[in-house]
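Heads up: the protein sequence lines correspond to chains X and R, in order.
Basically this note's numbering = 1-based index in the first sequence + 32.
Basically this note's numbering = 1-based index in the second sequence + 32.
Since the hints were made in silico from the structure, they are not lab data.
It is possible that some hints are incorrect.
Put simply, identical chains are the same to the list, so a pair is met inside one copy or across any two.
Unchecked claim - Below 27 Å or equal to it, Euclidean Cα-Cα: the simulated DSS-like pairs (lysine-lysine) are:
hint	residue 1	residue 2
1	K267	K69
2	K56	K126
3	K88	K196
4	K212	K143
There are 2 protein chains.
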Amino acid sequence: MDNSKIGHHISGQFNKELEDVRNKVLTMGGVVEHQIKLAVLAFTTGDLEMAEIAIKLASEVDQLEVDIDKECMQILAMRQPAAFDLRMLIAVIKIIDELEGIGDLAERIAKITIQLTNPKSGKHDQYFELEHMAQLVQGMLHDALDIFARMDLADIASITSLDKNVDREYSSVLRQLSLKMMESPNNVHRMLDVISLARALERIGDLACNLCEHLVYMFKGEDVRHLTQAELERKLN
Amino acid sequence: MDNSKIGHHISGQFNKELEDVRNKVLTMGGVVEHQIKLAVLAFTTGDLEMAEIAIKLASEVDQLEVDIDKECMQILAMRQPAAFDLRMLIAVIKIIDELEGIGDLAERIAKITIQLTNPKSGKHDQYFELEHMAQLVQGMLHDALDIFARMDLADIASITSLDKNVDREYSSVLRQLSLKMMESPNNVHRMLDVISLARALERIGDLACNLCEHLVYMFKGEDVRHLTQAELERKLN
Numbered sequence: 033m034d035n036s037k038i039g040h041h042i043s044g045q046f047n048k049e050l051e052d053v054r055n056k057v058l059t060m061g062g063v064v065e066h067q068i069k070l071a072v073l074a075f076t077t078g079d080l081e082m083a084e085i086a087i088k089l090a091s092e093v094d095q096l097e098v099d100i101d102k103e104c105m106q107i108l109a110m111r112q113p114a115a116f117d118l119r120m121l122i123a124v125i126k127i128i129d130e131l132e133g134i135g136d137l138a139e140r141i142a143k144i145t146i147q148l149t150n151p152k153s154g155k156h157d158q159y160f161e162l163e164h165m166a167q168l169v170q171g172m173l174h175d176a177l178d179i180f181a182r183m184d185l186a187d188i189a190s191i192t193s194l195d196k197n198v199d200r201e202y203s204s205v206l207r208q209l210s211l212k213m214m215e216s217p218n219n220v221h222r223m224l225d226v227i228s229l230a231r232a233l234e235r236i237g238d239l240a241c242n243l244c245e246h247l248v249y250m251f252k253g254e255d256v257r258h259l260t261q262a263e264l265e266r267k268l269n
Numbered sequence: 033m034d035n036s037k038i039g040h041h042i043s044g045q046f047n048k049e050l051e052d053v054r055n056k057v058l059t060m061g062g063v064v065e066h067q068i069k070l071a072v073l074a075f076t077t078g079d080l081e082m083a084e085i086a087i088k089l090a091s092e093v094d095q096l097e098v099d100i101d102k103e104c105m106q107i108l109a110m111r112q113p114a115a116f117d118l119r120m121l122i123a124v125i126k127i128i129d130e131l132e133g134i135g136d137l138a139e140r141i142a143k144i145t146i147q148l149t150n151p152k153s154g155k156h157d158q159y160f161e162l163e164h165m166a167q168l169v170q171g172m173l174h175d176a177l178d179i180f181a182r183m184d185l186a187d188i189a190s191i192t193s194l195d196k197n198v199d200r201e202y203s204s205v206l207r208q209l210s211l212k213m214m215e216s217p218n219n220v221h222r223m224l225d226v227i228s229l230a231r232a233l234e235r236i237g238d239l240a241c242n243l244c245e246h247l248v249y250m251f252k253g254e255d256v257r258h259l260t261q262a263e264l265e266r267k268l269n
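Start from the sequences and build out the full structure, keeping to the hints where you can.
Following this line, the structure appears as structure tokens:
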């Protein structure tokens, strides 16, 4: 599958409209990726300026969601698209909702980081498992957006297959943090914040998987939500 | 605004299709409401059979989501609707996504309840604040579905205004539970489960508010996501 899929309309204006929607989704995806990167870096380095920028980017993400949604509705009303174009527009409406959700979670991570970090030393405890979880979910989102950019569904099942690793790491983080709470009850508040942060990362993995499901629908016209990973792989082969 | 809004098409078949979608959304909403009710009752009474039924209903909710989504896409492709009909179909696609999310959270509450409850005595600690939170969010969802059923937007801002109460109760529950953890560190695991349950209730409130935003879009064609409660109220007056 290649870009020519959306380049076959008699109306050049219609082509331009679809191309514009596609570009805006990629822009929105880029901003959300940047938001997560900043939020995670703020957490690992203690640089709270990055956390502040991640929080500020939220309004840009919200505005892009509203704009793209409006554009999709206008195209649906004016062009009455069918087949791939219709599926693309409906998939885009769902994809930007996932992206907005991911942006919210990045904002959440940035806010928790500010709470956790000592403003004088810029330090807090290190959590290597969280850094690894963050790398995993950032990779999943990046690869999902790459599929949308390249219009090629090839690697989708390898993205969704990573979610079980994310879930496993989340469970492990949860176990370690509950042990720490039992050992030093005075740290309960901080530990609860770290758990919220881990939970936000785990949710980003879930939403990246939802995004993949919308991409499958867009390209193949098949609703693969609520399938297991094995069922999804069978469906795509 | 009344039911006649979707009764003005020359094609009787088209009317029937829209009416069918509407009825299925109400059915789905009913199943999800039932799921929450069972999950919450299981928690308050310790009757685990109810929790099991709430979990089993999840597949019914998933199937309804897939079916309604497919029906909306078929109508979009075949009927090329405009104005209110187009907005209703797109709003429905978003509303069933929120309902499915709420169903997931109800399932989560049921599963946590099973973990928390002593299978012999059917007992666990009482958490009156949680019961009150549960009542609040159940009311919000019920009233939002009622607006969809009656096709009358009147009370929408009074539903979304309740979300700050839900958030306040959630914060209060969180404070109490962290105190309990500090006092008896051996209970950390159970307390973390109760926090997850409270968090699920808080999220149901959020998703009920999202549902309200989709209803405003459907009836008024205005995108009110990302507005504050005060901005929303100004917009609706």
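Are the CA atoms of K212 and K143 at most 27 Å apart within a copy, between copies, both, or neither? both (22 Å within a copy, 25 Å between copies)
Is the C-alpha distance from K56 to K126 at most 27 Å within one copy, between copies, in both cases, or in neither? Answer is both: 14 Å inside a copy and 20 Å across each meet the 27 Å cutoff.
Status of K196 relative to K88 across identical chains (alpha carbons, at most 27 Å): between (31 Å within a copy, 23 Å between copies)
Within a copy, between copies, both or neither: which one fits K267 and K69 at a CA-CA cutoff of 27 Å? neither (33 Å within a copy, 35 Å between copies)
In this structure, only the earlier hint numbered 1 is contradicted, and the remaining ones agree with it.
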